[in-house]
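Same order as they appear, the protein sequences are chains A and B.
If you're matching positions, the first sequence starts at 300 in this note's numbering and goes up one per residue.
If you're matching positions, the second sequence starts at 21 in this note's numbering and goes up one per residue.
These are calculated hints, taken from the structure and not from any lab test.
This one's a predicted model, so the numbers in the text were calculated from it and none came from an experiment.
Using N, Cα and C, we set each Cβ at its ideal position, and we do this for glycine too.
One thing to keep in mind: the hints can contain errors.
Subject to a maximum C-alpha distance of 27 Å in a straight line, what follows is the list of computed DSS-like cross-link-like pairs (lysine-lysine) [to be verified]: (1) A:LYS747 / B:LYS188; (2) A:LYS540 / A:LYS524; (3) B:LYS163 / A:LYS732; (4) A:LYS747 / B:LYS165; (5) B:LYS264 / B:LYS47; (6) A:LYS540 / A:LYS565; (7) A:LYS732 / B:LYS165; (8) A:LYS732 / B:LYS188; (9) A:LYS747 / B:LYS163; (10) A:LYS666 / A:LYS747.
Negatives, chain A to chain B, calculated, CB over 10 Å [claimed, not checked]: (11) GLY465; (12) ASP548; (13) MET681.
A partial selection of chain B residues facing chain A, derived with a Cβ cut-off under 7 Å [unchecked claim]: (14) ASN100; (15) ARG126; (16) ARG129; (17) ALA130; (18) MET135; (19) PHE137; (20) HIS139; (21) ALA141; (22) HIS145; (23) PRO155; (24) ILE158.
Each chain is listed here by its residues.
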Amino acid sequence: MSDNESNASVIAASDIEVDHASLDASIAEFASQNGDYYAKQFHRIHSSTGLLPNTFNLMAAILGPVWAAARGVWGMFWGFLILEMIAWVQIGRGWWGDPGANFFERAEGQRERAEGFLERAEAARAAGEDPTRFEKLAENIGNAAEKSEALGQAASSEALGILLAGLGLLLLFKALQGFYANSIYEKQFSRWRIDQKLVESGVKSKNILLGIVLVILIGPLTIYKFTVDSPLEVLNEFPEKQVSSIFIDSDKATLFTELAGWLEQKIDNAAIAGAGAFDGITAGVRTVLDALGLALIGTPWPVVMLVICVVAWRAAGPRVAIFTAASLAYIALLGYWAIAMETVALVGAAVFICVIIGIPLGIWFGKSRRAYNAAEPVLDLMQTLPAFVYLIPIIAFFGTGNPPGILATIIFGMPPVIRLTSLGVRGVPDTIKEAAVAFGASRFQLLKDVEVPLALPSIMTGVNQTILMCLSMVVIISLIGGGGLGKVILEALQYAAKGPGLLGGFAILFVAMVIDRIVQGAFRRKDQEI
Amino acid sequence: MTESTESVVNISNVWKVFGEQADAAIKAIKDEGIGKAEVLERYGCVIGVQDATFDVPRGEIFCIMGLSGSGKSTLVRHINRLIEPSSGNIEVLGRNVSNLNESQLRELRANHIGMVFQHMALLPHRSVRDNVAYPLEIRGVAKSKRWAVSDHALQLVDLVGYEDRLPKELSGGMQQRVGIARALASDPEVLLMDEPFSALDPLIRMQLQDQFKALVAQLQKTTLFITHDLDEAIRIGHRIAIMKDGIIVQIGTPEDIVMNPADDYVREFVQGISKLKLVKAHSILEPLESFDGSLDGAPRADEEADLDQLIDHAVGTDLPVVITSNGQDIGVVTKPRLLRGIQGGKDQ
Chain A
300 MSDNESNASV
310 IAASDIEVDH
320 ASLDASIAEF
330 ASQNGDYYAK
340 QFHRIHSSTG
350 LLPNTFNLMA
360 AILGPVWAAA
370 RGVWGMFWGF
380 LILEMIAWVQ
390 IGRGWWGDPG
400 ANFFERAEGQ
410 RERAEGFLER
420 AEAARAAGED
430 PTRFEKLAEN
440 IGNAAEKSEA
450 LGQAASSEAL
460 GILLAGLGLL
470 LLFKALQGFY
480 ANSIYEKQFS
490 RWRIDQKLVE
500 SGVKSKNILL
510 GIVLVILIGP
520 LTIYKFTVDS
530 PLEVLNEFPE
540 KQVSSIFIDS
550 DKATLFTELA
560 GWLEQKIDNA
570 AIAGAGAFDG
580 ITAGVRTVLD
590 ALGLALIGTP
600 WPVVMLVICV
610 VAWRAAGPRV
620 AIFTAASLAY
630 IALLGYWAIA
640 METVALVGAA
650 VFICVIIGIP
660 LGIWFGKSRR
670 AYNAAEPVLD
680 LMQTLPAFVY
690 LIPIIAFFGT
700 GNPPGILATI
710 IFGMPPVIRL
720 TSLGVRGVPD
730 TIKEAAVAFG
740 ASRFQLLKDV
750 EVPLALPSIM
760 TGVNQTILMC
770 LSMVVIISLI
780 GGGGLGKVIL
790 EALQYAAKGP
800 GLLGGFAILF
810 VAMVIDRIVQ
820 GAFRRKDQEI
Chain B
21 MTESTESVVN
31 ISNVWKVFGE
41 QADAAIKAIK
51 DEGIGKAEVL
61 ERYGCVIGVQ
71 DATFDVPRGE
81 IFCIMGLSGS
91 GKSTLVRHIN
101 RLIEPSSGNI
111 EVLGRNVSNL
121 NESQLRELRA
131 NHIGMVFQHM
141 ALLPHRSVRD
151 NVAYPLEIRG
161 VAKSKRWAVS
171 DHALQLVDLV
181 GYEDRLPKEL
191 SGGMQQRVGI
201 ARALASDPEV
211 LLMDEPFSAL
221 DPLIRMQLQD
231 QFKALVAQLQ
241 KTTLFITHDL
251 DEAIRIGHRI
261 AIMKDGIIVQ
271 IGTPEDIVMN
281 PADDYVREFV
291 QGISKLKLVK
301 AHSILEPLES
311 FDGSLDGAPR
321 ADEEADLDQL
331 IDHAVGTDLP
341 VVITSNGQDI
351 GVVTKPRLLR
361 GIQGGKDQ
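Modelling step: build the complete structure from the supplied sequences, incorporating the hints.
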């Protein structure tokens with residue numbers, strides 16, 4: 300290049316000098332106190348290529364977590380606070396704790412009992428009976444006492460060892476902090492350069508205060524609890540009764556009983572007030588279930604079996620069809636036919652309702668960000684809430700039996716189809732939507748011709764997941780009176796009947812696998828294969 | 021310029037400013053002449069299109085050229101109201117687009133405006149034929165009819181035999197031909213081409229440009245063609261509008277723009293453009309009288325001959341080329357004049 304005036308001339312990488320001045324200013328701004336020291340240390344870290352730390356920060360070693368807190372290195376603060384606590388507990392145990400106390404106490408008790416037996420032996424002898432039995436017992440217990448005594452001695456003599464080990468650990472952790480403090484701080488500096496708002500820098504009095512308060516609160520109490528033989532009762536267990544009595548002036552009632560009673564009242568009232576609506580829902584669910592049940596159980600079994608096998612074959616190929624036939628044979632031969640069909644009807648009804656409600660909701664959430672944001676916590680709750688928790692209100696509102704069971708299944712099974720539908724709708728490329736609009740598509744045409752077809756793979760994944768979730772749930776609904784194979788398992792569980800339980804379990808497994816295979820096969824469409 | 025017959029697309033004083041305080045921002049730009057940086061700072065608004073005015077007569081290919089972010093795609097999306105203008109008037113086929121209601125707008129889009137997109141935007145789950153037929157399907161045309169039309173459109177873009185394939189089975193160039201067929205299927209008066217060939221490799225792009233040019237000439241479609249490539253604009257366009265930061269800097273024929281760039285920005289663009297096929301003899305000729313000497317045996321060329329042809333004439337002789345108009349000698353092009361012309365009209 301002939302352009303000599305250009306500022307950026309090309310220099311060989313080996314000749315490039317490190318510009319310390321600008322970096323120093325940046326480090327000084329970051330550290331705010333002792334900027335020069337950190338500039339020097341950071342340069343040493345920058346210059347080193349080895350793995351081991353080449354700097355030692357005395358303040359960090361001595362102050363430990365407090366230094367980390369002051370500098371806002373919170374990860375280091377918590378890590379070394381816990382480690383140092385372990386060391387301090389050991390030191391405490393060795394110094395003022397009495398590791399042998401338990402054994403000595405036990406030895407004392409055993410010795411007393413041995414003496415008691417000796418007395419009874421004496422008494423027996425005086426009464427002219429055979430004292431050997433008591434003497435034997437006394438001897439055995441005496442031996443045990445000696446053993447406990449010896450263990451106690453050993454434990455006591457270990458106290459010094461524990462103390463030394465604790466000191467050693469403390470030194471080790473201090474050294475680690477000293478050696479690694481600057482390296483860790485340098486990493487924070489690098490992150491701070493990227494995001495100066497989010498990453499803490501400098502020394503802030505707020506941080507120092509928080510660090511000291513945390514250390515004071517956590518340290519002494521923990522060490523006290525672990526090292527003192529019989530610590531204060533209040534540290535062992537939360538004084539729930541005492542706290543309750545502050546709020547409620549009663550001997551028997553606690554916050555818990557009051558709140559639980561109040562809730563129960565409310566739920567009962569709501570159940571009575573909304574009885575019509577709840578009964579309507581139950582009736583609706585029952586209609587769907589009965590229709591499916593009639594189709595699966597009312598139809599002659601050879602017809603149902605044949606149809607299932609043919610569907611498996613058409614949807615997923617001959618191998619799945621053979622597997623399906625074998626599974627059906629297992630179920631039928633072991634007498635599970637009717638009950639397995641009830642399970643299928645339960646799953647089918649639940650999935651049907653999930654899809655009918657879930658897909659429109661999913662499309663709505665896919666198009667409206669605000670609706671999705673509002674719904675997301677609810678969906679999370681539906682999925683994370685353990686089934687046992689909402690079985691109770693369901694019993695309260697809907698009673699027991701199959702329809703309430705299906706409702707519980709729906710709560711658990713609906714989120715995937717909603718989520719994946721909205722994900723699919725949101726994932727439709729804007730360019731394709733724009734093209735359809737540019738050719739005059741109305742909102743409905745856009746939905747029908749573009750959004751739903753393009754979201755279909757995602758929707759189908761959602762339906763598939765919903766089916767599997769519902770399958771896993773139909774076992775649990777036997778707890779609230781649901782029928783099907785879940786009931787078989789529940790009964791086997793109640794009587795610890797291993798054989799029936801296992802056979803029933805396999806029947807569920809086969810039902811699940813057949814449904815899964817068929818559904819997966821059916822959804823694999825040609826234009827989705829990549 | 022082509023003979024202006026009837027205005028098909030008429031854009032006048034169209035502004036598009038993105039942001040909440042668009043109106044205030046437009047006022048400030050008009051009154052105080054502030055730039056885009058200040059608009060962003062003061063009003064949090066981004067200028068899309070700034071005071072665009074032009075008129076496209078029937079049958080013309082009107083290219084809009086600009087770098088990415090210059091607002092050319094935004095401008096074109098006003099024509100079928102994919103984007104609402106902040107202010108200004110847009111008329112298509114004599115109808116004011118802004119005044120149309122929902123169903124009238126859909127009718128306009130479906131019947132009168134075809135659009136081709138940079139990223140094809142084909143429906144992946146439909147066959148090529150059904151993709152091309154989609155605009156007709158939206159209009160509610162019967163299946164037999166729309167399949168026939170679709171097959172005809174595919175014939176125009178030379179895709180016979182691919183009707184029943186899925187788009188992903190086709191190469192990028194073929195997919196874009198499907199896109200063009202789709203735009204042509206509803207036989208619209210106006211074609212909007214949004215960088216249709218930008219995503220294709222150069223050889224395919226050249227082929228498609230030629231094919232497209234021939235097709236449009238044959239079908240007499242009024243076309244707005246967006247591109248970021250001046251070469252492409254010159255190859256295809258009857259007229260070119262050059263955009264920068266939302267402002268139309270210059271509108272003119274390719275020759276106009278190359279020979280008389282309006283400002284440094286345009287000049288920089290046209291520098292690398294080959295003038296051989298663009299510059300015509302009449303724009304570089306000198307009067308006959310200025311040449312003293314014998315013109316016996318000098319080669320003759322029409323005033324519409326381009327530099328390329330003039331060079332062919334000039335290489336065989338030391339004499340200048342005599343330029344004729346309707347058989348009359350009207351001037352000469354000397355060697356220095358010709359060489360300067362190739363350079364692009366540098367001052368002599």
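How the hints compare with the structure:
1. Distance check on the hinted pair: LYS747 (chain A) and LYS188 (chain B) sit about 21 Å apart at the alpha-carbon level, within 27 Å; holds.
2. For the given pair, LYS540 (chain A) sits about 22 Å from LYS524 (chain A) by alpha-carbon distance, which is consistent with the 27 Å threshold.
3. Annotation: proposed proximity of LYS163 (chain B) to LYS732 (chain A) holds, straight-line Cα distance about 22 Å (limit 27 Å).
4. Distance hint between LYS747 (chain A) and LYS165 (chain B) is fulfilled; the C-alpha atoms sit about 21 Å from each other, no more than 27 Å.
5. Restraint check for LYS264 (chain B) and LYS47 (chain B): satisfied, since their Cα atoms lie roughly 20 Å apart, inside the 27 Å limit.
6. As the CA atoms of LYS540 (chain A) and LYS565 (chain A) are separated by approximately 25 Å, the hinted pair is consistent with the 27 Å bound.
7. As the CA atoms of LYS732 (chain A) and LYS165 (chain B) are separated by approximately 25 Å, the hinted pair is consistent with the 27 Å bound.
8. Restraint check for LYS732 (chain A) and LYS188 (chain B): the C-alpha separation of about 18 Å stays at or below 27 Å, so the hint holds.
9. A threshold of 27 Å between alpha carbons decides the hint, and for LYS747 (chain A) with LYS163 (chain B) the separation of about 17 Å falls inside it, so the pair holds.
10. For the proposed pair LYS666 (chain A) and LYS747 (chain A), the alpha carbon gap of about 14 Å is at most 27 Å, so the pair holds.
11. Distance to chain B confirms GLY465 (chain A) as a non-interface residue, since its nearest Cβ pair spans about 61 Å, more than 10 Å.
12. In this structure ASP548 (chain A) is separated from chain B by more than 10 Å, as the shortest Cβ-Cβ distance comes to about 57 Å.
13. Every CB of chain B lies more than 10 Å from the CB of MET681 (chain A), the least distance being 31 Å, so the non-interface label holds.
14. About 6 Å separates the beta-carbon of ASN100 (chain B) from the nearest beta-carbon of chain A, less than 7 Å, and the hint is met.
15. At a threshold of 7 Å, the smallest CB-CB gap from ARG126 (chain B) to chain A is about 4 Å, leaving the interface hint in force.
16. Checking ARG129 (chain B) against chain A: minimum C-beta separation of about 4 Å stays under 7 Å; hint holds.
17. Evaluation of the ALA130 (chain B) hint against chain A yields a held restraint, the C-beta minimum of about 3 Å falling below 7 Å.
18. Contact between MET135 (chain B) and chain A, as hinted, is supported at the beta carbon level, the nearest pair being about 4 Å apart and thus within 7 Å.
19. The closest approach between the C-beta of PHE137 (chain B) and any C-beta of chain A is roughly 6 Å, which is under the 7 Å cut-off, so the hint is satisfied.
20. Interface restraint check for HIS139 (chain B): the shortest CB-CB distance to chain A comes to about 5 Å, inside 7 Å, so the restraint holds.
21. Look at ALA141 (chain B): its Cβ gets to within about 4 Å of chain A, closer than 7 Å, so that hint holds up.
22. Taken as an interface hint, HIS145 (chain B) checks out: its beta carbon lies about 5 Å from the nearest beta carbon of chain A, inside 7 Å.
23. Nearest Cβ of chain A to the Cβ of PRO155 (chain B): about 4 Å, under the 7 Å cut. The hint holds.
24. For ILE158 (chain B), the interface hint holds, the least distance from its beta-carbon to any beta-carbon of chain A being 5 Å, beneath 7 Å.
Checked against the numbered hints above, the structure breaks none of them.
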